[in-house]
Structure formats: structure tokens, C-alpha cells
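Asks: Chain residues, written in single-letter form:
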Amino acid sequence: MLYYIIRRCIAAVLMLVVISIVTFGIFYGGPTDPARLTCGKNCTPASIAANRHALGLDKPVPVQYANFMKGLVSARTFPDDPAFAKANPDKVTHCPAPCLGYSPLETKLVTDIVKERLPVTLSISLGAFVIWIVLGVGLGIIAALKRGRWQDRGIVAVSLVFYSFPAFFIALLMYNYLSTQWQLLPPPNYVSVFQDPVGWFSGLLLPWFSLAALFAAGYVRLTRAYMLETMSEDYLRTARAKGLNERTIIFKHTLRAALTPIVTVAGLDLGGLFAGAAITETVFNFQGLGRAVVTSVQVFDLPVIVALVLVAAFFIVMANLVVDVLYGVIDPRVRLA
Amino acid sequence: MSSDTLAVRDTLPADAGQPFLEVKDLHVHFPTDDGLVKAVDGLDFTLARGQTIGIVGESGSGKSVASLAILGLHRRSKARLSGQILLDGEDLLTVSDQRIRSLRGNQMAMVFQDPLSALHPYYTIGNQIVEAYRIHNSVSKDVARKRAIEMLDRVGIPNPNHRVDQYPHEFSGGMRQRAMIAMALVNDPKLLIADEPTTALDVTIQAQILDLMKDLQKEFGSAIIIITHDLGVVANVADDIIVMYGGKCVEKGSVDEVFYTPQHPYTWGLLASMPRLDKVRSDRLDPIPGNPPSLINLPSGCAFNPRCAHRSEVEGDLCRTQVPDLLEVRPGQSARCHIDAARRTDLYAEISGQKQIPVQDQSSGQKT
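From first to last, the protein sequence lines stand for chains A and B.
Residue numbering for the first sequence follows my numbering, beginning at 1 and increasing consecutively.
Residue numbering for the second sequence follows my numbering, beginning at 338 and increasing consecutively.
Take the hints with a grain of salt, since some may be wrong.
Lysine to aspartate or glutamate pairs mimicking DMTMM-like chemistry, simulated, CA-CA at most 20 Å apart [said to hold, decoys possible]:
#1 B:Lys555 <-> B:Asp490
#2 A:Lys252 <-> B:Asp502
#3 B:Lys361 <-> B:Glu665
#4 B:Lys551 <-> B:Asp567
#5 B:Lys361 <-> B:Asp451
#6 B:Lys551 <-> B:Asp576
#7 B:Lys415 <-> A:Glu233
#8 B:Lys551 <-> B:Asp593
#9 B:Lys415 <-> A:Glu246
#10 B:Lys415 <-> A:Asp331
#11 B:Lys415 <-> A:Asp152
#12 B:Lys415 <-> A:Asp196
Far from chain A, by Cβ distances over 10 Å, these chain B residues were calculated [what the hints assert, rightly or not]:
#13 Leu410
#14 Asn443
#15 Tyr459
#16 Ser477
#17 Val480
#18 Asn498
#19 Ser509
#20 Arg613
#21 Gly638
#22 Thr658
#23 Pro668
Just so you know, the hints here were simulated from the structure itself, not pulled from any lab data.
Glycine is no exception: its CB is placed at the ideal position from the N, C-alpha and C atoms.
Just chain B, same shape as in the assembly:
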């Protein structure tokens, strides 16, 4: 993995090591009749070209909202955004609408979750790709069409000359997603955001799509943000991970660090709740008890505290009264937890040594 990224870096311009995308203290709040929905409440991360970052979290953790904020797809009348999103030094939250429209689909592109509903049913795939190309490049329709066929070929769609004139409903699920990727990459964007790109696909197709994205990243040198709730996907493609909970980042680090030495009880829960094919099959799966929090009425203090099995590790009522800061555990890895870092390492060693957490501790979701 590291030699691959080094190879990419060699071919990029001199500032390749500089973060291409910097998100600083991003807040996305939606004022509603029921209250203020704090979908994203203080998110920071950086991303360099040729790198992939995975944003992981349950439904309602704010991951999609954050990515839509980067593309500027929230209606200003309905959402309140603050913070900074620096794309190659330009703050996307302060630029004009026209500027951000010229960047969308051009420098930064997005691949959506369900390709059948994300593609217009009335226009051919070729038409839609040509449209994406011609918005940002004044070329003739023939040139654009050739480009569309070329892109379809690059993403591995067989017989692209014929397929380019077909409608989305005439493609299979995996091919539709490939076509979406072709459409997103047609203008060689420097940033690609993939919002649950494989959730609607079966596992074998999923693997193909992920391989495709990795190959295209090597070829184009784009920065990729992949948003998913599937840890397997993240382990496959990402260099770094952000774990989001309740609108905040609760853990951040490289994939190896987070998977092998996770530092947050929520991450422990996520890793433990994955069904494993290689371990002895235990009687029950290990879910995290409880439900994701309401973004209008977040629990006071640490948002995860009602579901955390390790509150007793912290003195007094700190978990319930104070929101923990995102503190660096080692260079590149941070976690947002009141439990002492060294104690956490020990705790995780204890937990991961066990195959199964006893049943009584799961049922109430309260302090164990």
C-alpha cells in the first residue's frame, strides 16, 4: 500500500504532499420546527491528492450531510453552515454560487448511493455523460460523445459504442454504478466523493467497483472521500478513517491504527458487531445496545455515553456533563473520549481477547 502511494506521489506536482482538501470546524445545522438539527457539529479533516479517506458512521451520524456541504449542495435557506472548507486553498463556504457551480462536476465530483434513482430515467447514459462534460468544456457534441464512450470503456463497460445510447433502466446495477463513476470522472476531478457507492450492489459487484475506484485513483491521482457504514469497504480502499457519531468525529486515524488499535468505545462496538467468517460462530452477534441519538436532542456531554459500556472508567459524571475534546493519542490518531488513553489500550486488549461479551451486559445498555 505505502509503495503504491509513494509511486503516485512521484508523478504529482511539487505540492502533492500538501493537503488538497482541508475541512476546518465544519458545522451544518438545520433549523426546523422541532428544533435545531445539528447534523455536523465540528468536523475537521485533511485529505491529500492520491489519498483516500473513509467516513464511517451509522445512519444519521452526519456523514452524508458533510459531503453534501463540501459540494455546496445544501440550500442556503434551509441549512446554516459555518467553518471552512478549503479546496486547494479556496474556501468553498465563501465563494460565489457561480464559482462553486464551475467547480462541481469539474474539480470535485460525487457518486451517489442508488444509481437507478440518481440517473435521469428519460435520458440516455451517453446524453447524461455528455451533459456533464459539456457544462465545463465547450466542445462539440461529437467530441463529447467520443469522450463519453472513452469513459465508459475505462470503467469497464463492455461494448461502449452501443451502451452509450441506452437508458439507465437497460443497465444492470453494477454497470449503472460504473456509468455513474464514469460520469463523475469525465472531467478528471481532483476530488471524488463516493456516498455509499456499493450499498445498493451485491458483494461480488461491490468488490469490482472498489477495485475500479482504486485503479482510477492511481490513474487520475484524485483524492477520494468514501462514505459508508460498511467497515469492510473502508478496510479495502481507505488510507485514513474518520468515525462519526452524533455529528462529531469521535475517532480519526490511519486505517491500520483504527482497525488494530481503536481508541474509542464506539469503534470497539462497531468492530465487535461485524459478523466474522473466520471466527468460531458464537450464538449471538454483538450489537451496540441502544439507538443512534436524535440530532435535535443530543445527550448531554459525550453523545455516546448512554450506550457506552465503559462509563464506569471515568470518575464522577464527566461523561454525562462534559463533551470530550478530540485529543491526539499518537501522531495521526485522535479520539474523543474521557477515558485515559493508556487505560483504553488495556480495555481494548481485554475486550478483543474475548469471543463473546456475556449476555446480561448487553440487555440493559446501562452501566455494566
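So here's chain A without its partners, still in its complex pose:
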């Protein structure tokens, strides 16, 4: 089991390195000119040149990449020019490790941007995750147990409706009706959980439900399908022959077997969400990572885009790793692989 985990960790690290190279290559080695793009609206050739120097873009791409990777473990300065630093110490920006770059458009270190926005995204994602797992898996189990009866048909029909709507549509509908008109849910607003836990909770209820609605619908169908598949297995008949009651058979035997694919999908979905629930954050105007990605693409803020892509990749690779390990914990047959 330990070897299994170690092997997966090594694979994850290698994957991240490859992704970072590819991403860097696409953005900094590609046809776009980061200096031009990060220049802003009023661009003169002089300011472009200055930008290029400040961002270290006049160096060859592999060197830039090496500097970036070095910056992850040690501090960097922008511009990376000792002569300039001595001459104009106040125009130099210090970037402590881990340094993800510097955004001239926002005049902020990217690391700070990520630090500000990550809690928002995490709050939305984790809360919605809990709701959609409880709702989705719970309703899926009920639908599987009552297969063919009205509960099953009802649950499947409702989930199909929710599944068919685009995310922003559900979000807007809920915002309008549940919050503004009928006032069933408090208005969406983000405050840090450390400052105001109650406010944090109530302000996030609406985004949680709107994000969860979409995923829950999918998970209902998924859970129902896997439960039905597992329910026809022979080992359940053995369990009944031993004299077990139905509840133990459903929760201990059937669910555990049906859980493996659900855990896999849930882990990947959550990992993807940590990279930013772009639509939900935009509709409710939450300053999370997803919103940052959207705005940075709109203004071509390359350092931010690159850093956010790498952050997203990191979360997804980590999610894959966790899911792989969990799979080995749940299904002992996998550990031999």
C-alpha cells in the first residue's frame, strides 16, 4: 500500500513539472507578446521595452522558466537586474517564496492575488460539495432502492430537469426567486469565516445551493446507476443468506462497492472546482479564483493567467492523487497494481 502511494506521488510531481513546462512554453514562448499585453492601454514602445525588461522577458524562455521555478522556492525581485536595483531601490518589487510572478496590471504579486481569492473559492466549493454529495448520493440511493416506483421516477425526472439547465441559468433563477423575491435565502455576500462565521455561512448559502444543484443532479443519476449495478451482485445474496438485515446490506455491503466510482468522480469534480467556479463566482460577484481567471483573460494579464493555470493544474493533479489513493483504500484488489 505504501509503495502504491509513493508511486502515485512521484507520478504526480512529474506530471506537474510537465504541465508547468507546457504552460510556460505556450504563453511565454508562444506568438503572443506578454510585454505588449501586460502594458495596458496607453502603450509606447519605450514602456513596452521597459516592461519587457522588468518582467525579465528579454531573457531566453528556458531561462525565464528556470527563474520561475526557482522563484517557487526562493525569493525573486522584479526587475531582476542588480544594477537597476541598486540605482532605484524603491522601484523594485520583492517577491518572497513561493513566487508566482508579478502582475503589472494589478501591480500586485500574483501570490497575493491567489492568497486573497483562494479562500473564497474554497468556501464556495467545499460547501457546495457537502450539499451535493449529501443530496445527490442520498437521493440516488433512494431512487435505486425504490426502482421503478414513483419515488424513483420523480427523483430521476427532477434531476434531469436540473441537469439540463446551464449553470448560470440556475444561478440567476435562484438568485432572483429564492433570494430577492421570496427572500428564502439571504443575499449572497462573502466575508471571511474568521471575521464573521455567521455572516460567512448565510452569505454563502445561495451560491452553495446554486452550484450544488447542478452537480447533485448528475450524482443522483450516477449513484443510482452504480447502486443498481451493485445490487445484482452475488455477494449480496451471500450476505442475505447469512441473515443480515437489509439496512446493513445496503449501507455496509452495497454502498461500499458502489462508492468507488462515485469517490473518483467526486474527487475530480472537487479538484476542478478548486481551480475556480467561474460561472457561480461571476453571477454572484464573488472575488474568487474563477473570477480572476475570467478577468485576467479579458485584459490579457499573462503572469496571472499562467499562475492560475498552474494553480488549477496543481489542484487537479492533487485531486487525482488523493482519489487514486482513496481507491486503493476502498478496493483492496487495486493495491496489487
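Position chain B relative to chain A; hints supplied.
Replies: This is chain B only, laid out in the frame that chain A set:
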């Protein structure tokens, strides 16, 4: 054989000679969209403790369905059961769900055909045996674990302390089946039903498992029902045989009687279709022509009549119009056939004297 059973009987309580299990007129019907499937259509047998009965038949003859009915494993919403199943005097078809759950795994247990799919892949063998034990006995996990190791040892699994924490996929086929038997016997059940326990195993392991079951029967005094399509297995372990066809019992009797003086054309066919190692190898095997009947549309009259080579022995169209009754041929042996009993004995003597039935008679499957 008889001295062994006598020895067992001496150690059992006074009512040992009484039938422990009595199945009376059992019907198991499944209403489906295509029609009513009469999987078991009138089955009777009795079984005493320390005795083994073999239920033999082709796939689709209703043998597994009957055993699942005894354990109460059919969903009442999907199956219609009627008749009586008396276990130690208690009718299992009328008791509450809770009562039958307390009996399952406890007084009566079942060993299934394919141990790899019958054991939960995610839990250790020890865990599953402990679970079987703790459902019916409130003991601590340690006590249950010791019991599990003890059972694994009894069924002949080497190094049980280590094996108890292993998963089913880490066992070989024969050991898995032994573990299943250990799990079934952990609560000392009085009735053990083995549904094709050796079909998934190779022949040498098969012999070991059958020996194990016989030893355990001597030790525990349990009644065993062994369901199989393999006559060799039955000859090895069973005291009595029931031959099933089309949901009905067509022949019943002790193993010696049925094997040496079979009374039903289907049994003749089964015995003849076995490949023999001790006889001169003939050119072809002797299968019974045709296919097992559909349980929705059973042939009218005797279910075996389309495949029977001896219809001409019966006057008129009786085989096709009337279902024969199960009639006693001699005490303890009965058969369900219209052909006169004495004539049957002669017929079988003729058939068994021949090494090979001529080819023309086999090809059409019609009257010869």
C-alpha cells in the same frame, strides 16, 4: 456407509430419526411479462439430520430455486410460493421475516457456486466470517475473530492466523470455497445447502472439498442438501437423490437404488450420457436429444415426453396428455412415469446391456 450413519445417529438426540426438513408440495412460480414461470411445481422430500440428499438436474430444472426457497431468499414481490417447508416442525413459508433472518446463517446455511463472486471483494475473509458469527451471537470482536480462525483451521486452510486478514482475491479457488464453507458452518447450522459447490473447481480440489463436507457432516451432524448437475459428485456424497426435470421431481430414491436400478427414462439418459473411463471408448457420447423445456411453456402431459425415446411403450397418447403421478416403485424409491414399473426394469436391463445406442435413433429425438 450405513455403519457410519448409524454411528452418527447414536450420538444425536432421541428424535434424530425424525425428518429434520420436510418439504411438502412446494411450488415456486414467477409471474413475468412473458408468462408464469413455474420454476418448482410440486416438490416433496424429507431429510434427517446426519443425512445428505442430492438434487440433480439440468440447468433450468428448478433445483437452485427450490433451495433458495428454503432459505427464504426469494423476494415475495417477485415470486409466488406455496406449500410447506417444515424445518424442525416450523413452517418457513409462514414465519415472519425476522424469524427467518434469525434462522438464516444460524440454523440453516448455504454455500454458493462461485466463491469469488459470492464473497465480498472489499472485506477480509476474517471480517466476513466474524460478521456471520456476530449476527447471531453477541460476542466481542476478539472472541468472534478467534472463532473465525478456528473455523478456517477446521476446514483445512493452512496458516489461518495470517489468512484470516487476507482478502478473497488473495486466496486460490479451492481455499476460497473452503473459506465459504467455514463461513457457512461458523454457527453450527443443522442444515447446510450446497449449491454446486464444486462446479467452479478442478477435479482434485473437488474431491478434497467433498471429503471435507463429509467429515464436517460426521462432526457436526448436519443435514446436507447438495445441488449439482454432476452425477459423480452425488454418487460420492449423497445418501438419497432427487432427480428434477421441468420443475418436478421425476425420480427419488437412495443413491444405490437410483444408480443401479433407475426407474425414469430421464435418469437413464443422464446415466448414459456420462463419459466413462472404465468402458471401451465408443465413437460418440450418448446425450439426451433435445433441450430442457421452457418453464413458461412446459410440454403438455409429461414434461420429458418430447425427448423420451420410450413413448411407444405407453398406450395411446397418455404421455402427451396426462402428467404422470410420482408413484412408489418400492419402499423409498418413486418415479414419475406412465410406463409400467416392471416394463421399465426390463427396458433398462436392455439399454444398459448395450454399449452404444445406434446413431439413427439419436438424430431426430422423436419416437424410435
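Asks: Given the hint that Lys252 of chain A pairs with Asp502 of chain B, does the C-alpha gap stay at or below 20 Å?
Replies: OK: Lys252 of chain A and Asp502 of chain B at ~18 Å, within 20 Å.
Asks: Do the alpha carbons of Lys415 of chain B and Glu246 of chain A lie within 20 Å of each other, as the hint requires?
Replies: 17 Å, holds
Asks: Is the claim that Tyr459 of chain B lies outside the interface with chain A correct, judged by CB distances over 10 Å?
Replies: Since the minimum Cβ distance to chain A is about 6 Å, Tyr459 of chain B lies within 10 Å and the statement is violated.
Asks: Beyond 10 Å from chain A, beta-carbon-wise, is Ser477 of chain B?
Replies: 18 Å, holds
Asks: Mind verifying the non-interface call on Asn498 of chain B? Its CB should be farther than 10 Å from each CB in chain A.
Replies: Since the minimum Cβ distance to chain A is about 19 Å, Asn498 of chain B lies beyond 10 Å and the statement holds.
Asks: Are the Cα positions of Lys415 of chain B and Glu233 of chain A separated by 20 Å at most?
Replies: The hint holds at about 18 Å.
Asks: Regarding the assertion that Arg613 of chain B does not contact chain A, is the least Cβ-Cβ distance greater than 10 Å?
Replies: Non-interface label stands for Arg613 of chain B: nearest chain A Cβ at 34 Å, farther than 10 Å.
Asks: Taking the shortest Cβ-to-Cβ distance between Val480 of chain B and chain A, state whether it exceeds 10 Å.
Replies: Non-interface label on Val480 of chain B holds, nearest chain A Cβ at 18 Å vs cutoff 10 Å.
Asks: Decide if the proposed pair is consistent with the structure: Lys551 of chain B and Asp567 of chain B, CA atoms, cutoff 20 Å inclusive.
Replies: At roughly 17 Å apart (the allowed maximum being 20 Å), Asp567 of chain B and Lys551 of chain B satisfy the hint.
Asks: Going by Cβ atoms, does Asn443 of chain B stay more than 10 Å from chain A at every point?
Replies: 6 Å, violated
Asks: Grab the minimum beta-carbon distance between Pro668 of chain B and chain A and tell me whether it stays above 10 Å.
Replies: 35 Å, holds
Asks: For Leu410 of chain B, is the shortest CB-to-CB distance to chain A above 10 Å, so the non-interface label stands?
Replies: About 6 Å separates Leu410 of chain B from the closest Cβ of chain A, which leaves it inside 10 Å; violated.
Hints 5, 10, 12, 13, 14, 15 from the list above are not met by this structure, while the remaining hints are.
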